[in-house]
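This is what each chain is made of:
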Amino acid sequence: MTVVAARELRDGEVVFVGIGLPNLACNLARRTHAPHLVLIYESGAVGAAPERLPVSIGDPALVTGSLMVCGMADVFQLFLQNGRIEVGFLGGAQVDRYANINTTVIGSYERPTVRLPGSGGAAEIALHAQRVVIIAKLSPRAFPERVDFVTSPGRRVKRVITDRGVLEPDGPGGELMLTALYPGVQQSDIEAGVGWQLRSRPTLECVDPPTRSELQLLREVLDPKRLYLKG
Amino acid sequence: MTVVAARELRDGEVVFVGIGLPNLACNLARRTHAPHLVLIYESGAVGAAPERLPVSIGDPALVTGSLMVCGMADVFQLFLQNGRIEVGFLGGAQVDRYANINTTVIGSYERPTVRLPGSGGAAEIALHAQRVVIIAKLSPRAFPERVDFVTSPGRRVKRVITDRGVLEPDGPGGELMLTALYPGVQQSDIEAGVGWQLRSRPTLECVDPPTRSELQLLREVLDPKRLYLKG
Amino acid sequence: MSLRDAVARHVHDGDVVVIEGFTHLISFAAGHEIIRQRRRDLTLCRLTPDLIYDQMIAAGCAKKLVFSWAGNPGVGSLHAFRRAAEGGTLELEEYSHFGMVARFSAGAARLPFWSLRDYAGTDIPQANPRIKSVTCPYTGEALATVPALNPDVTIVHAQRADPQGNTQIWGLLGVQKEAAFASRRVIVVVEELVDETVIRSDPNRTLIPASIVDAVVIEPWGAHPSYAQGYYDRDNDFYVAWDGISRDGQSLDRFLDEFVYGVRDRAEYMQKQPDLADRLKARARFCAGVNYGF
Amino acid sequence: MSLRDAVARHVHDGDVVVIEGFTHLISFAAGHEIIRQRRRDLTLCRLTPDLIYDQMIAAGCAKKLVFSWAGNPGVGSLHAFRRAAEGGTLELEEYSHFGMVARFSAGAARLPFWSLRDYAGTDIPQANPRIKSVTCPYTGEALATVPALNPDVTIVHAQRADPQGNTQIWGLLGVQKEAAFASRRVIVVVEELVDETVIRSDPNRTLIPASIVDAVVIEPWGAHPSYAQGYYDRDNDFYVAWDGISRDGQSLDRFLDEFVYGVRDRAEYMQKQPDLADRLKARARFCAGVNYGF
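Chains as they are written, first to last, in our numbering: chain A, 1 to 231; chain B, 1 to 231; chain C, 1 to 294; chain D, 1 to 294.
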């Protein structure tokens with residue numbers, strides 16, 4: 001999943017990075033095909049080159065040796081709202097049929113079953129990044145037909161990268177469709193992980209498996225303590 | 001005039017300083033009764049302690065050794081509009097009966113007789129400084145009954161310091177009235193320098209003459225080249 | 001001034017209180033002092049409530065939380081917050097980060113609102129009626145608005161300040177400047193008090209001027225388990241440990257008893273944990289200075 | 001890239017052009033190159049037109065001036081500007097400083113307008129119908145608005161940048177950051193090109209990131225008679241002399257012939273005035289560095 005996400009990135013792009021798998025994917029891309037990727041964190045670190053895997057998006061390692069550090073008003077106004085971010089990565093507790101994301105509540109807003117952290121910068125990343133990529137593990141609970149709360153609208157989502165395959169909207173703001181499978185995964189495995197009748201593109205791509213060097217970088221260099229890589 | 005302006009300032013106040021006589025007055029105050037005056041220039045220098053008389057409000061001497069340098073968006077939003085400026089000094093080509101100031105045009109706006117520089121920060125200094133002090137030389141041309149163009153409204157003006165005496169509004173936004181005379185100046189001298197029927201307070205104050213040390217500081221230390229002190 | 005005196009004088013029951021700092025420079029020392037002084041009915045505002053507001057919520061200081069992301073960064077949930085939010089015992093007012101940044105920006109500029117292009121297609125305005133809109137007088141476009149946030153008191157942790165309160169910060173800047181300018185009263189807590197000449201030698205680093213500061217407090221390690229760039233690292237182990245500590249109210253109470261109520265001040269807090277300084281002290285990575293001459 | 005190539009590529013006839021810098025870091029080199037390349041019908045925007053726009057107006061580059069204070073700072077009038085303004089041969093769009101700052105702030109944030117508490121009781125909005133108002137959705141207060149300014153090209157002079165265009169500035173910051181972010185194209189002109197590691201050693205000093213920069217030009221003394229803190233002083237003598245030079249069109253033309261059209265580039269401009277470097281070179285007044293370690 002991380003490797004597929006890394007491959008989403010083109011060299012030289014300006015990427016708004018969240019913590020966890022997106023961060024790992026960006027740092028993998030920087031060490032492989034996209035050395036000039038500019039990583040921007042909502043904390044204000046621009047062009048970070050962290051010496052260790054940052055544990056939070058405000059990690060001091062993102063500051064030391066970065067190209068620029070600015071206040072958060074600049075991050076949101078001059079970078080995001082200005083349209084200077086080419087790719088934004090998002091995750092979420094729920095992703096629905098139209099790629100809307102929920103990171104706010106499970107259940108009703110007033111009396112939630114589970115109170116999640118909320119938007120953070122996710123609402124504005126979804127609205128302002130030129131291209132939004134979602135990373136999320138498939139399960140019927142995580143992919144309901146309709147999210148309980150729209151934290152980030154799906155309009156700019158270009159791709160949803162899951163642990164078994166890739167979904168893409170059927171045109172901007174359209175319904176998510178299965179477009180690519182990971183090696184060894186059946187179409188039915190993916191349909192079972194989604195809470196609605198998932199449609200597929202007529203011809204499905206097959207994603208290349210991670211190369212040995214991609215795996216080695218991830219496991220031995222970028223996340224040796226397995227902070228984010230699990231299983 | 002400069003000495004009287006300097007005496008307007010209380011120690012510890014935050015003063016928005018323009019170039020020329022206001023700057024000289026503030027630096028005189030800093031060296032006499034108000035060592036903790038905080039001078040803010042619209043260029044972004046806060047708490048400047050210039051080693052030489054600055055020739056412009058963007059002089060490098062205002063930066064070196066100052067307490068803070070910020071962008072101009074902060075000057076206008078965080079200091080001025082925020083209400084953090086206690087005293088603002090203004091000059092002007094014309095000052096009228098209600099202390100409105102014109103630094104834009106003599107004649108009509110579309111086809112001016114004399115095109116002046118315009119507002120700069122003067123409009124917002126007049127609107128946001130808690131107390132506005134004007135410094136201007138008397139003459140019927142400089143003090144018309146009505147200015148040709150209101151660049152800075154007179155509402156917050158507390159005092160107009162001239163070369164012959166002091167005028168004050170008759171209540172906020174009220175008509176300017178003569179309140180104090182410099183030593184040796186007759187009331188009629190001042191009335192002759194103003195383009196309307198000037199009223200006076202029943203009892204006029206007499207301004208103390210500059211002390212020897214004030215004059216010495218001005219002439220020998222602050223402006224030895226007579227950049228601003230004339231005659 | 002001691003932090004005890006600064007909090008006693010400037011933080012009152014019922015106040016709107018801001019302890020800002022995005023991951024960096026969060027004044028845990030001030031939060032703990034507010035807990036010790038048993039302030040009540042506070043409206044706590046912060047983009048990321050973080051562990052410090054979780055502790056203050058658990059200690060009963062908070063009536064209301066104004067925020068944009070309430071999680072344990074890099075770890076998971078804030079459990080005291082979740083118990084209060086899911087139990088309905090804490091009033092919530094919720095924005096996105098940009099919305100909170102905009103509220104502080106408006107407050108700092110003393111404007112009643114701030115405009116932003118945001119919230120179209122999200123459910124956030126339905127959950128928060130204070131998010132409204134305005135029509136651009138030039139283009140006719142509808143833009144979202146948020147109201148200004150003007151706290152009663154803002155507490156800023158910083159690397160250094162002079163005795164008057166001219167305050168310098170480097171590394172992540174968060175919304176510290178905006179929060180301070182928006183606030184009626186400002187307490188600055190610093191790692192180091194420096195001479196005015198140090199401040200004057202590098203004026204571009206000054207984020208907060210003395211003229212808006214009401215109290216300056218020296219409190220080394222006052223941000224732990226948050227961090228101060230150039231002084232000490234973030235204590236990630238503690239952030240991870242908090243997940244376990246805070247999962248039930250009793251172990252959380254034991255933590256407060258031992259590390260907050262059980263110590264008089266930050267110095268005593270540090271004495272209880274003699275390994276911290278060694279484990280987290282920053283290595284030297286100085287930049288070169290620049291020439292301010294003319 | 002040479003300044004000649006950068007101007008040829010990025011500044012076109014009819015463009016909205018910004019050369020910013022408040023007293024500090026005004027790119028006279030770029031203004032002169034635009035004059036040499038005989039650009040026409042430009043809309044020139046700047047808070048303070050200063051000598052550089054006076055020269056560009058005199059040389060016939062400008063169709064329109066958007067500004068807030070058109071004088072010779074510390075000296076008096078801008079005579080070419082006055083002749084054009086009083087003669088009605090130059091279109092004017094006039095704000096106050098705050099209005100111009102707000103226009104750049106809106107442009108940089110890609111909002112169509114900016115709100116400010118300003119202009120009540122002044123005649124400025126009567127002279128400029130683009131100043132409008134908006135009603136606060138919370139308080140009902142009427143606030144002034146100005147429209148966003150999004151130039152075609154902004155030219156920023158700076159102390160240093162790396163080859164990609166990550167640009168650092170200290171001393172007065174003006175509205176350089178806002179103007180650059182508001183602009184479609186950005187040319188950075190620097191005193192010194194430095195290695196990326198220099199930029200990375202002190203990231204808080206970076207004002208403009210490479211991702212918004214289209215061309216980086218090395219041009220030592222490119223701001224003279226303006227100044228670059230830490231490199232050279234403002235040439236006040238020239239500002240005073242300009243008053244005489246510009247009082248009549250003929251002597252102004254002779255100046256342009258000799259110092260603008262008569263030289264190929266800034267290096268030649270400096271060779272013509274061998275005393276400048278000695279007279280204005282900055283003395284050393286370095287600040288200490290800070291620790292970015294963790």
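Among these hints, one or two may not hold up.
[Claimed, not checked] Coverage of chain D stretches by chain A, computed from C-beta distances (three or more under 8 Å per stretch; other residues unrestricted):
#, segment
1, 103-114
2, 197-203
3, 210-221
[Claimed, not checked] Distance condition first, Cα-Cα at most 25 Å in a straight line; then the derived PhoX-like pairs of lysine-lysine:
#, chain 1, residue 1, chain 2, residue 2
4, D, Lys64, D, Lys132
5, A, Lys137, A, Lys158
6, C, Lys132, C, Lys64
7, A, Lys225, C, Lys281
8, D, Lys132, C, Lys132
9, B, Lys158, B, Lys137
10, A, Lys225, A, Lys158
11, D, Lys281, B, Lys225
12, B, Lys225, B, Lys158
Everything labelled a hint here was simulated from the structure, so no lab data went into it. Note that the Cβ used here is the ideal one computed from N, Cα and C, for glycine as well.
Now for the hints, and whether the structure bears them out:
{"no.": "1", "hint": "103-114", "verdict": "holds (count 4)"}
{"no.": "2", "hint": "197-203", "verdict": "holds (count 4)"}
{"no.": "3", "hint": "210-221", "verdict": "holds (count 3)"}
{"no.": "4", "hint": "D:Lys64 with D:Lys132", "verdict": "holds (21 Å)"}
{"no.": "5", "hint": "A:Lys137 with A:Lys158", "verdict": "holds (17 Å)"}
{"no.": "6", "hint": "C:Lys132 with C:Lys64", "verdict": "holds (21 Å)"}
{"no.": "7", "hint": "A:Lys225 with C:Lys281", "verdict": "holds (22 Å)"}
{"no.": "8", "hint": "D:Lys132 with C:Lys132", "verdict": "holds (21 Å)"}
{"no.": "9", "hint": "B:Lys158 with B:Lys137", "verdict": "holds (17 Å)"}
{"no.": "10", "hint": "A:Lys225 with A:Lys158", "verdict": "violated (31 Å)"}
{"no.": "11", "hint": "D:Lys281 with B:Lys225", "verdict": "holds (22 Å)"}
{"no.": "12", "hint": "B:Lys225 with B:Lys158", "verdict": "violated (31 Å)"}
Figure legend: structure checked against the earlier numbered hints; hints not met, in rising order: 10, 12.
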